Amino acid sequence: MKRTKIKDLLNGEEGEALVKGWVKTRRDSKGGFSFLEINDGSCLANIQVVIEHTLSDYSSIENQLMTGSCVSVRGKLVASEGKGQSMEVQATGIEVYGPAPADYPLQKKRHSFEFLREIAHLRPRTNTFGAIMRVRNRLAFSIHRFFQDKGFVYLNTPIVTTSDCEGAGEMFQVTTLDMSNPPRVDGAVDGAVNGKIDFSQDFFGEKTFLTVSGQLEGEIYAMALAEIYTFGPTFRAENSNTSRHLAEFWMVEPEMAFYDLDDNMDLAEEFIKFLLSDIMEHCAEDMEFFNKRIDTTILETLRNIIDNQFERLTYTEAIHQLQKATETFTYPVEWGFALQAEHERYLSEKVFKKPIIVFNYPEQIKSFYMKLNEGGETVRAMDVLLPNLGEIIGGSQREENYDVLLQRLRDKDLDPEEYWWYLDLRKFGSAPHSGFGLGFERLVQFVTGMENIRDVIPFPRTPKHAKF
RNA sequence: UCCGGUGUGGCGCAAUGGUAGCGCACUCGACUGUUAAUCGAGUUGUUAGAGGUUCGAGUCCUCUCACCGGAGCCA
Numbered sequence: 284m285k286r287t288k289i290k291d292l293l294n295g296e297e298g299e300a301l302v303k304g305w306v307k308t309r310r311d312s313k314g315g316f317s318f319l320e321i322n323d324g325s326c327l328a329n330i331q332v333v334i335e336h337t338l339s340d341y342s343s344i345e346n347q348l349m350t351g352s353c354v355s356v357r358g359k360l361v362a363s364e365g366k367g368q369s370m371e372v373q374a375t376g377i378e379v380y381g382p383a384p385a386d387y388p389l390q391k392k393r394h395s396f397e398f399l400r401e402i403a404h405l406r407p408r409t410n411t412f413g414a415i416m417r418v419r420n421r422l423a424f425s426i427h428r429f430f431q432d433k434g435f436v437y438l439n440t441p442i443v444t445t446s447d448c449e450g451a452g453e454m455f456q457v458t459t460l461d462m463s464n465p466p467r468v469d470g471a472v473d474g475a476v477n478g479k480i481d482f483s484q485d486f487f488g489e490k491t492f493l494t495v496s497g498q499l500e501g502e503i504y505a506m507a508l509a510e511i512y513t514f515g516p517t518f519r520a521e522n523s524n525t526s527r528h529l530a531e532f533w534m535v536e537p538e539m540a541f542y543d544l545d546d547n548m549d550l551a552e553e554f555i556k557f558l559l560s561d562i563m564e565h566c567a568e569d570m571e572f573f574n575k576r577i578d579t580t581i582l583e584t585l586r587n588i589i590d591n592q593f594e595r596l597t598y599t600e601a602i603h604q605l606q607k608a609t610e611t612f613t614y615p616v617e618w619g620f621a622l623q624a625e626h627e628r629y630l631s632e633k634v635f636k637k638p639i640i641v642f643n644y645p646e647q648i649k650s651f652y653m654k655l656n657e658g659g660e661t662v663r664a665m666d667v668l669l670p671n672l673g674e675i676i677g678g679s680q681r682e683e684n685y686d687v688l689l690q691r692l693r694d695k696d697l698d699p700e701e702y703w704w705y706l707d708l709r710k711f712g713s714a715p716h717s718g719f720g721l722g723f724e725r726l727v728q729f730v731t732g733m734e735n736i737r738d739v740i741p742f743p744r745t746p747k748h749a750k751f
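Quick note, in our numbering, the first sequence goes up one by one and the last residue is 751.
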């Protein structure tokens, strides 16, 4: 007989059933039977199994039917006699795959997320993490669906890369050299620490790193396939210790030929709204759980975002808004200075009370590849800022003019030689194009209402932490 | 990296410088078509680590480590 998932049993019809899963809790009755709650991850709800103590072999497995044990139950799916569940399984046979001794760390009570992080191999068995991972899965799926429906091509950009393309923070170095005695340029060996390390002898023949963004490679393919998107792991070796940063995270980066900044913002807004409404529809049970146990306003918040237009304002307008604010800020508000977290929060949470898109930032505070506006003061950059979370999307229209890009590289003290192929894209058949990056974990965080980004990824990597 | 906070049975927490307690879990018993079941009894501690002050330190001081929150950086 084939196993039926609990999700299907709960919506199924009476009859023979085979359930396999992990025991959440057991309640004994002196009436000669026990209740077992079993979960198999197919949904948040457990199925209740009723076991008559007269069942053959029951006495030999009774002490193995504990919280955490893994079991296979054969029985009859029937309408429940008790309250609290519609269907239940009357057991006719039980097999214990793996008992869980009394030192099983997950108890029938709430645990702190800090504690659960220490047992990342067991935390997926909790209600919260099961729900998070189902939502995460659905979001990943609907990201692909959104772009596939629009004819975007899914592109895998390299994870190992040779240059710090954006100047975006610290990178993880990748090497196969012997760290205790690396080869030196001057041929010196043991002890000669003055000679520079000879990376020509490294695996790739030069210094290599883990990618901080697939954007530049994404642009290459957008200049051929017109609309592409990447969705893959990204690495930042920043010593960031916050609830919104990971050293290894997943990023979605669409890149589109023939899109200007307005098209780019339209896509970003449509994208977020699509993902949120999809999750409300397809993860309703899990979302109810988050609304009840994690953040009692989450459903209302998501609904509001889906139903309302994002507020779009230029950086300059944002500065004006901040300058007329009665609130006092820790950091100065002045044109040309970066917007701080407190400024972004004020705008999205106090002034507009909804997602905002700030665009046309000062040229000096943004990356070299962003398209310069007329006058040269600002670039066509845009950030999507969500209330309570902050930046979830950062993007821009790219500079497609060869001469302007070359000058921008020089102005920012970057070596044009290293960007030769990026410049070539502007030399041969250049086109206006745009793109953005969305932090996948930040999306999961926002949708679930979870406070710490370390709890929305299966195995978080943060400074001093790469366990499991 | 900076600022602030925390570190006590398996887990969540308490304890004026003076006998380390409570809840949950666990064990035993009672009760029950039960629902995070309930009721009674019982077991569980190198108070993160190292040093110091003191007659006496979980508590005060110094250092180290870890974690949490905020900031910076960003997605």
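Since the hints were derived computationally from the structure, they do not count as laboratory data. Note that the structure is predicted; figures quoted are calculated from it, not measured. All C-beta atoms, glycine included, are put in the ideal place defined by N, C-alpha and C. Where hints are given, some of them may not hold.
To be verified - Think about it this way: if two alpha-carbon atoms lie no more than 27 Å apart in a straight line, the pair counts; the simulated BS3-like pairs of lysine-lysine are:
#1 K392 with K366
#2 K392 with K750
#3 K695 with K710
#4 K392 with K307
Unchecked claim - DEER-style ranges, computed between Cβ atoms:
#5 T308 with E453: 57 to 63 Å
#6 E489 with D694: 22 to 28 Å
#7 A621 with P441: 25 to 31 Å
#8 N735 with G381: 26 to 32 Å
Here's how the hints hold up against the structure:
no.	hint	verdict
1	K392 with K366	22 Å, holds
2	K392 with K750	25 Å, holds
3	K695 with K710	20 Å, holds
4	K392 with K307	11 Å, holds
5	T308 with E453: 57 to 63 Å	46 Å, violated
6	E489 with D694: 22 to 28 Å	26 Å, holds
7	A621 with P441: 25 to 31 Å	30 Å, holds
8	N735 with G381: 26 to 32 Å	30 Å, holds
Consistency note: the structure conflicts with earlier hint 5 alone.
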